[in-house]
Amino acid sequence: MAFSKSSWGSVGVSLAIATLGLYAVVVGSGYRMGELTRMGPGFFPVIIGTAVIVLALAAAFESRGENEERMALRLAPIVWVGTAILAWLLLVQSLGLVVATFALVGLSALAKPPIRPVSILVLGGALSLSGYLVFIWGLGMPLTLWGR
Amino acid sequence: METLANLGLGFQAALTWESLLFCLLGVSLGTFVGVLPGIGALATISMCLPLTFYLDPMHGMIMLAGIFYGAQYGSSTASILLNLPGSPTAAVTCLDGYPMAQQGRAGVALFITTIASFLGGSFAIILLVGFSPVLADFAISFSSADYFSIMILALCAASTLSTGSVIKGLLMVAVGLLLGLVGTDISSGAARFTSGNIDLSNGISLVALAMGLFGVSEIFANLCRGEYATVDARAITLRSMLPTREDMRRFWPAAWRGSVVGSIVGMLPGTGPTIATFMSYSVEKRISRTPEIFGRGAIEGISAPEASNNASVQAAFIPTLTLGIPGDAIMAVMLGGMLIHGITPGPQLLTDEPTLFWGIVASFWIGNIFLLVLNIPMIGVWVRLLSIPYHLLYPAMLFFICIGVYSVSYSTFDVLLTLVFGLAGLFMNRFGFPAAPLLLGFVLGPLLEEHFRRALVLSRGDLAVFLERPISLIFLAMTALVLAGSIPLVRAATGRVAGLVRKRG
Numbered sequence: 001m002a003f004s005k006s007s008w009g010s011v012g013v014s015l016a017i018a019t020l021g022l023y024a025v026v027v028g029s030g031y032r033m034g035e036l037t038r039m040g041p042g043f044f045p046v047i048i049g050t051a052v053i054v055l056a057l058a059a060a061f062e063s064r065g066e067n068e069e070r071m072a073l074r075l076a077p078i079v080w081v082g083t084a085i086l087a088w089l090l091l092v093q094s095l096g097l098v099v100a101t102f103a104l105v106g107l108s109a110l111a112k113p114p115i116r117p118v119s120i121l122v123l124g125g126a127l128s129l130s131g132y133l134v135f136i137w138g139l140g141m142p143l144t145l146w147g148r
Numbered sequence: 149m150e151t152l153a154n155l156g157l158g159f160q161a162a163l164t165w166e167s168l169l170f171c172l173l174g175v176s177l178g179t180f181v182g183v184l185p186g187i188g189a190l191a192t193i194s195m196c197l198p199l200t201f202y203l204d205p206m207h208g209m210i211m212l213a214g215i216f217y218g219a220q221y222g223s224s225t226a227s228i229l230l231n232l233p234g235s236p237t238a239a240v241t242c243l244d245g246y247p248m249a250q251q252g253r254a255g256v257a258l259f260i261t262t263i264a265s266f267l268g269g270s271f272a273i274i275l276l277v278g279f280s281p282v283l284a285d286f287a288i289s290f291s292s293a294d295y296f297s298i299m300i301l302a303l304c305a306a307s308t309l310s311t312g313s314v315i316k317g318l319l320m321v322a323v324g325l326l327l328g329l330v331g332t333d334i335s336s337g338a339a340r341f342t343s344g345n346i347d348l349s350n351g352i353s354l355v356a357l358a359m360g361l362f363g364v365s366e367i368f369a370n371l372c373r374g375e376y377a378t379v380d381a382r383a384i385t386l387r388s389m390l391p392t393r394e395d396m397r398r399f400w401p402a403a404w405r406g407s408v409v410g411s412i413v414g415m416l417p418g419t420g421p422t423i424a425t426f427m428s429y430s431v432e433k434r435i436s437r438t439p440e441i442f443g444r445g446a447i448e449g450i451s452a453p454e455a456s457n458n459a460s461v462q463a464a465f466i467p468t469l470t471l472g473i474p475g476d477a478i479m480a481v482m483l484g485g486m487l488i489h490g491i492t493p494g495p496q497l498l499t500d501e502p503t504l505f506w507g508i509v510a511s512f513w514i515g516n517i518f519l520l521v522l523n524i525p526m527i528g529v530w531v532r533l534l535s536i537p538y539h540l541l542y543p544a545m546l547f548f549i550c551i552g553v554y555s556v557s558y559s560t561f562d563v564l565l566t567l568v569f570g571l572a573g574l575f576m577n578r579f580g581f582p583a584a585p586l587l588l589g590f591v592l593g594p595l596l597e598e599h600f601r602r603a604l605v606l607s608r609g610d611l612a613v614f615l616e617r618p619i620s621l622i623f624l625a626m627t628a629l630v631l632a633g634s635i636p637l638v639r640a641a642t643g644r645v646a647g648l649v650r651k652r653g
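So the sequences go chain by chain: A and B.
According to this note's numbering, the first sequence is numbered sequentially starting from 1.
According to this note's numbering, the second sequence is numbered sequentially starting from 149.
Treat the hints as calculated values from the structure; they're not laboratory data.
Check before you lean on any hint, since a few could be wrong.
Unchecked claim - Not the full set, but computed from the structure, chain B residues with beta-carbon under 7 Å of chain A:
1) 312
2) 316
3) 404
4) 567
5) 568
6) 575
7) 601
8) 602
9) 606
As the list claims (entries may be wrong) - Ranges between beta-carbon positions, derived for each pair:
10) 15/A / 625/B: 43 to 53 Å
11) 61/A / 526/B: 23 to 33 Å
12) 15/A / 535/B: 12 to 22 Å
13) 15/A / 337/B: 55 to 65 Å
14) 251/B / 75/A: 54 to 64 Å
15) 114/A / 169/B: 55 to 65 Å
Said to hold, decoys possible - From the structure, some residues in chain A lie toward chain B, with a derived Cβ separation under 7 Å:
16) 77
17) 105
18) 123
19) 125
Yeah, the Cβ is synthetic: ideal placement off N, Cα and C, and Gly gets one too.
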């Protein structure tokens, strides 16, 4: 069984999904199974979990020789965009919409240098304002501009 | 006659100021995101879904549907001008649209695709009007076993009739079904796969899942690619858009064929616009007496796929509204939205909520007329959009994704989930695991389980019920055919066109 060098990712993702299926089967079989006439909550999860395992192993087998060109993954954009979202969700309830939004815009800007301070400020302000108008003022969402 | 009366009812509902406003809002927003490569209709619809919870269900659906078909109009713009598809379905339009632009005929190409879209859309709407009541009458007698089998067909067709690996497609459906199980089991009340987390007791948020897989992961992918082409705002004048008589002579038959192919493909459960456009392109190329001009700016090569694209989008509402079974991921999100609004699409929808059903259908026509105006006299505005730099676009998208997800249930946990699904989506996308079947499985999962259980309760645990009911048997047989790959024609055709698209990419 020859694994091509570029297939490790595909095989890896398949095996990760197989593990997810295994988890579903193990946890699912802990629920009441019931019988075909009256299925318990565990019945369907075990069937689907099994299907996931089987298909994932088949996918791993199928893609072992895969040799397709894939886009390159770069760490910096992923890390900065991820941090930006995390910052927003951690800050929005405590420090309010404005701080959270500026954090989001500022951190996500690091994903695509060069840094443009002016556009960060303008964009952060414009987004905070539109967020306020649409979601807080318009839809009555329980968020504050500056935190509580 | 009854249909006419119903349509009258529909237009009455769709011609109110509010309906018109939300229709215009939807199609404008749809064109906006359709024009911009990198923001899809799916991400936009998921982003707007929470907003519609504050609206009357009909207005909400009119707006969401407007985004969907509006995006199909807009998506040809970037394909023609930049060779960058605004949505996956527009990839085919690049093949002949971009060469036309290089020959200085961008205006004509934009005009032709808009007219083709209008033609395809209108054709399918007529079909929707005529066919839905018939199908609904028929479907009223469907049992749970029948529904189960139709859903199995939809899920298998959606995952196998695309371009990538069949096994990966089916795997993604299964993963979607699994994710759909998270939360409280409706028939027993047991919490499943929640690990005691209260945020998960109502299940994984559809909006978080869709935004993660299609919004955040797109942003990741665009930033990793590092390149994002923009166009100089060149004025496309009305005069430059006028096609020659020869152009129109070649346009009409191709556009009609595209409309027919698109309507048929769109109506089937599990087949979406991508397959429709690929199929109609290959049909055109096959029946053409001059196949060698395809890929070098053939009018037929943009007319048929664009007509087909819009026909399939409108026809996709037939199974979604009358059976409650969506054809692709976008329709699945729309179905999810209707369910959240407390509307259960299905054969009863036409009799229980005639105003809603016919109002939405009537709004399609109004929307298509809006789009004609938006895309021909006002095309210059949209072309200028292509000059918005990406460094302003993606932070704004991130913001609307975050606040949109948060607004569904005021939960920061959902925003975290969005990030997790965004990362998962990036890796899936990178290694050829399609995200759309996952979303379809996620939405259909709970329905599938419910009908499976109910069918077996009624048959007292006899699995043969799925083979004894004739309708169920027919759909299972079709599923077997699909799985056996007995439609090599479709796969070969889509595969060939996909190969062409890749080569150009």
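Which of the listed hints are broken here? 1, 3, 5, 8, 9, 10, 11, 12, 13, 14, 15, 19
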